[in-house]
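Fit chain to chain and form the complex, with the hints in mind.
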Amino acid sequence: GENVEQHPSTLSVQEGDSAVIKCTYSDSASNYFPWYKQELGKRPQLIIDIRSNVGEKKDQRIAVTLNKTAKHFSLHITETQPEDSAVYFCAASKLYNFNKFYFGSGTKLNVKP
Amino acid sequence: DAGVTQSPTHLIKTRGQQVTLRCSPKSGHDTVSWYQQALGQGPQFIFQYYEEEERQRGNFPDRFSGHQFPNYSSELNVNALLLGDSALYLCASSPEGRVNTEAFFGQGTRLTVV
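If you're matching them up, the sequences are chains A and B in order. First residue of the first sequence: 1, per this note's numbering; consecutive thereafter. First residue of the second sequence: 1, per this note's numbering; consecutive thereafter.
Looking at chain B on its own, in the form it has when it is part of the complex (with noise of 0.2 Å):
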């Protein structure tokens, strides 16, 4: 089992551009959490995605959007980066139907926008 796999590891972005991150979740797991952690902070809660929906947000802009495939894959879109959206995403994966079991962490997407 690869754990929870994210892609790419490193991305380089100019203002303005809009950027696709992604996630494929553990096996077995169905509930996918996306964070942000900006340098010498703890994640922050984006989103949450289930049975293909946003289930839950956390205090994001619009401009950060997302999807979950039926094979329970996750991207994150991110419109119009700032500089201030430079920062290590974080997917993390559950599975759905348990009480509050270990969520693992994919070793996340380093975005710098310059």
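Just chain A, with the same shape it has in the complex (with noise of 0.2 Å):
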């Protein structure tokens, strides 16, 4: 089955700075792969997502970048704002296959206003 990593599992930066968290997938079948921004005590919610046909992807302040080749995928958040505070999670899975995905184990962000 699909393992995906997740690096740093915590991340400390000051408000202004960049972010990155990055994520490393085994199966080559996997084709989408979506980012969920959870905060205490809220359910999981989608930032963005990405799939295979595509190298990177921008929303605003957001943008998620993809190698294929070497399997891994990666979170930028530029200008952090302490709202950025949160545990992110990347997760893999296969178009057509709903909502049936592979976490990662989750990366704490702390914005240090």
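Because the hints were derived from the structure by calculation, they are not lab data. Glycine included, each C-beta is placed from N, C-alpha and C at the ideal position. One or more of the hints may lead you astray.
To be verified - EDC-like cross-link-like pairs, simulated, lysine to aspartate or glutamate; straight-line CA separation at most 16 Å: (1) K94(A) with E102(B); (2) K94(A) with E96(B); (3) K112(A) with E79(A); (4) K22(A) with E56(A); (5) K108(A) with E5(A); (6) K94(A) with E2(A).
Said to hold, decoys possible - Covered stretches of chain B (in silico footprint by chain A; criterion: 3 or more residues with CB under 8 Å from a CB of chain A, positions within the stretch not fixed): (7) 37-49; (8) 66-80; (9) 102-113.
As the list claims (entries may be wrong) - Going by beta-carbon spacing under 7 Å, a handful of chain B positions derived as facing chain A: (10) Q18; (11) S33; (12) Q56.
See below:
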């Protein structure tokens, strides 16, 4: 089965700095990679996703890059703000496999004001 | 649209007991998956229901079972509870028949086994 590894487990940055979270996956058949943000006591919420036919996707301060050959993908957050503080999860799935995901272990991001 | 709703929000059970958790999917969604999220870990896939049948299953013992009703709502049952079953249980829903679109998660049920 699929195995997703995520690093680092915790990340502390100063407000305004950039944050990068990296994930690797093992199943070359995975072709859909969402990122979820989970605030304390709340549900995971999708912040950005990327499909395997795309190398990079950007949405305002958030971007995701994918290297299919190396089987790794990364989340980049620029100009971090205190409200970005949360736990971020990467996940891997297959298109048409709907809501079945393999999640990483999470990164706790702390943005210091 | 209330999104995905789960009940109850918190639950305390004793070892050996049985528990039933409930999930109502987002309107228009007919596929429901259940996840177990241990403290400090990522969600782990338990199983997925579509058309009232278990379609896929993760690496969980038979003590974990489920059901889906004609209105697409779903239940997760766990028998013979162990201390290690203490976790946040999440359900996620999405619409069948579309290329993988956003899966919406409920807020979860926090199960504590004592």
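Checklist entry - Is K94(A) close enough to E102(B), meaning Cα to Cα at most 16 Å? => result 13 Å, holds
Checklist entry - At a threshold of 7 Å, is the proposed contact between S33(B) and chain A supported by beta-carbon distances? => result Because about 4 Å separates S33(B) from the closest Cβ in chain A, which is inside the 7 Å limit, the hint holds.
Next on the checklist: Less than 7 Å between beta-carbons is the criterion; does Q18(B) satisfy it with respect to chain A?
Outcome noted: 25 Å, violated
Checklist entry - Are three or more residues of the stretch 102-113 of chain B within 8 Å, CB to CB, of chain A? => result holds (count 6)
Checklist entry - Between K94(A) and E2(A), does the CA-CA distance stay at or below 16 Å? => result OK: K94(A) and E2(A) at ~10 Å, within 16 Å.
Next on the checklist: Against the 16 Å threshold, does the CA-CA distance of K112(A) and E79(A) hold or violate the hint?
Outcome noted: 12 Å, holds
Item to check | Given hint E5(A) paired with K108(A) - CA-CA distance at most 16 Å | outcome: 14 Å, holds
Item to check | Hint status (Cβ of Q56(B) to nearest Cβ of chain A, threshold 7 Å) | outcome: Hint holds; Q56(B) Cβ to chain A Cβ min 6 Å, cut 7 Å.
Checklist entry - Does the structure keep K94(A) and E96(B) at a Cα separation of 16 Å or less? => result Holds: K94(A) and E96(B) sit about 14 Å apart, inside 16 Å.
Checklist entry - Does K22(A) pair with E56(A) here, judged by a C-alpha cut-off of 16 Å? => result At roughly 14 Å apart (the allowed maximum being 16 Å), E56(A) and K22(A) satisfy the hint.
Next on the checklist: Is the coverage entry for the stretch 66-80 of chain B by chain A consistent with the three-residue Cβ rule at 8 Å?
Outcome noted: Three-residue rule not met by the stretch 66-80 of chain B, so violated; n is 0.
Next on the checklist: Please check whether the stretch 37-49 of chain B has three or more residues whose CB lies within less than 8 Å of a CB on chain A.
Outcome noted: holds (count 7)
When each numbered hint is compared with the structure, violations occur for hints 8, 10.
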